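Protein chains: 2
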Amino acid sequence: MPKMIEVRSDDQCCASILRAPMDGVDAEKLALGFSALADPVRLRILSILADSPAGEVCVCDFVLPLEKSQPTISHHLKILSDSGLVHGERRSKWVWYSLDRTRLAQLRGALDA
Amino acid sequence: MPKMIEVRSDDQCCASILRAPMDGVDAEKLALGFSALADPVRLRILSILADSPAGEVCVCDFVLPLEKSQPTISHHLKILSDSGLVHGERRSKWVWYSLDRTRLAQLRGALDA
DNA sequence: TTTCTGTATTGACAAACGTCAATACATCGA
DNA sequence: TCGATGTATTGACGTTTGTCAATACAGAAA
Numbered sequence: 006m007p008k009m010i011e012v013r014s015d016d017q018c019c020a021s022i023l024r025a026p027m028d029g030v031d032a033e034k035l036a037l038g039f040s041a042l043a044d045p046v047r048l049r050i051l052s053i054l055a056d057s058p059a060g061e062v063c064v065c066d067f068v069l070p071l072e073k074s075q076p077t078i079s080h081h082l083k084i085l086s087d088s089g090l091v092h093g094e095r096r097s098k099w100v101w102y103s104l105d106r107t108r109l110a111q112l113r114g115a116l117d118a
Numbered sequence: 006m007p008k009m010i011e012v013r014s015d016d017q018c019c020a021s022i023l024r025a026p027m028d029g030v031d032a033e034k035l036a037l038g039f040s041a042l043a044d045p046v047r048l049r050i051l052s053i054l055a056d057s058p059a060g061e062v063c064v065c066d067f068v069l070p071l072e073k074s075q076p077t078i079s080h081h082l083k084i085l086s087d088s089g090l091v092h093g094e095r096r097s098k099w100v101w102y103s104l105d106r107t108r109l110a111q112l113r114g115a116l117d118a
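Sequence lines, in order, name chains A and B. Heads up: the first sequence is residues 6 to 118, going by our numbering. Heads up: the second sequence is residues 6 to 118, going by our numbering.
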């Protein structure tokens, strides 16, 4: 069976909140983006990724510094991945995650003056 | 009994996620900030405030456009107010809310490249 | 004072969330 | 093949969240 790949048809990008009133649909989308940032564990994951010289971090290397169980880390990585903030790539037994700075800039742009 | 005013001793400001690994305390604080943005009703409140020529909007003027009950609007305004994103000022029977663009810029700054 | 209007709070409820133990899945080495 | 290791998923649990009806509070007008 062919692997399914989710394709996002709209850009989910964001004109700044501050420039025009948003309708409910845009607000829902943007709220999903900020929801991904609304958890301390996820923020630290992003921070660790940003600070990584290699630009990618193995799942196993999140567990100890974040003091959470492996399923919990995996859960948060999925949320970040679904929101487009990180991408995971399997290499042999390990999965390496990297930060999507473009997506992060989109969310920052939603707060632009 | 004198009215209690909560004073925030730290600045709750935010070095960018992207520049140094965050400890758990900083991550908690920042996550609270983004939690305030993680709801479509609250994003629309901010958007309406930003778009208001007078720079302030009466509570009563949120109810119709957002299609939520008055207690729900009040609830969201409290969350935004607690997180420092808006400020309310009572003038006779009405309470006028305004956007704190400095606080919004702090959160934007946490996502700076 | 009483009454009316605008706002905040309370209480209840369902839904969503964060967490972990147990388990399933994927990959490699023996 | 089998066993070991890294990751994802499932299921369960308590907590938090968003919502509204009812109510309380604040201010103005009669």
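Rather than coming from a laboratory, the hints here were simulated on the basis of the structure. Because the structure is a prediction, the values reported are computed rather than measured. It is possible that part of the hints are untrue.
One copy or two, either will do: identical chains are not told apart, so a pair holds if it fits within one copy or between any two.
[As the list claims (entries may be wrong)] No farther apart than 30 angstroms at their CA atoms in a straight line, the calculated lysine-lysine pairs in the DSS-like style are these: (1) Lys83 / Lys98; (2) Lys83 / Lys34; (3) Lys98 / Lys73; (4) Lys34 / Lys98; (5) Lys73 / Lys34.
Evaluation of the provided hints:
1. Lys83 / Lys98: within (18 angstroms within a copy, 47 angstroms between copies)
2. Lys83 / Lys34: Cα proximity of Lys83 and Lys34: in one copy and across copies (17 angstroms, 22 angstroms).
3. Lys98 / Lys73: So Lys98 and Lys73 pass the 30 angstroms test inside one copy only (21 angstroms; across, 49 angstroms).
4. Lys34 / Lys98: neither (34 angstroms within a copy, 35 angstroms between copies)
5. Lys73 / Lys34: Both ways: Lys73 and Lys34 sit 28 angstroms apart in one copy and 19 angstroms across, limit 30 angstroms.
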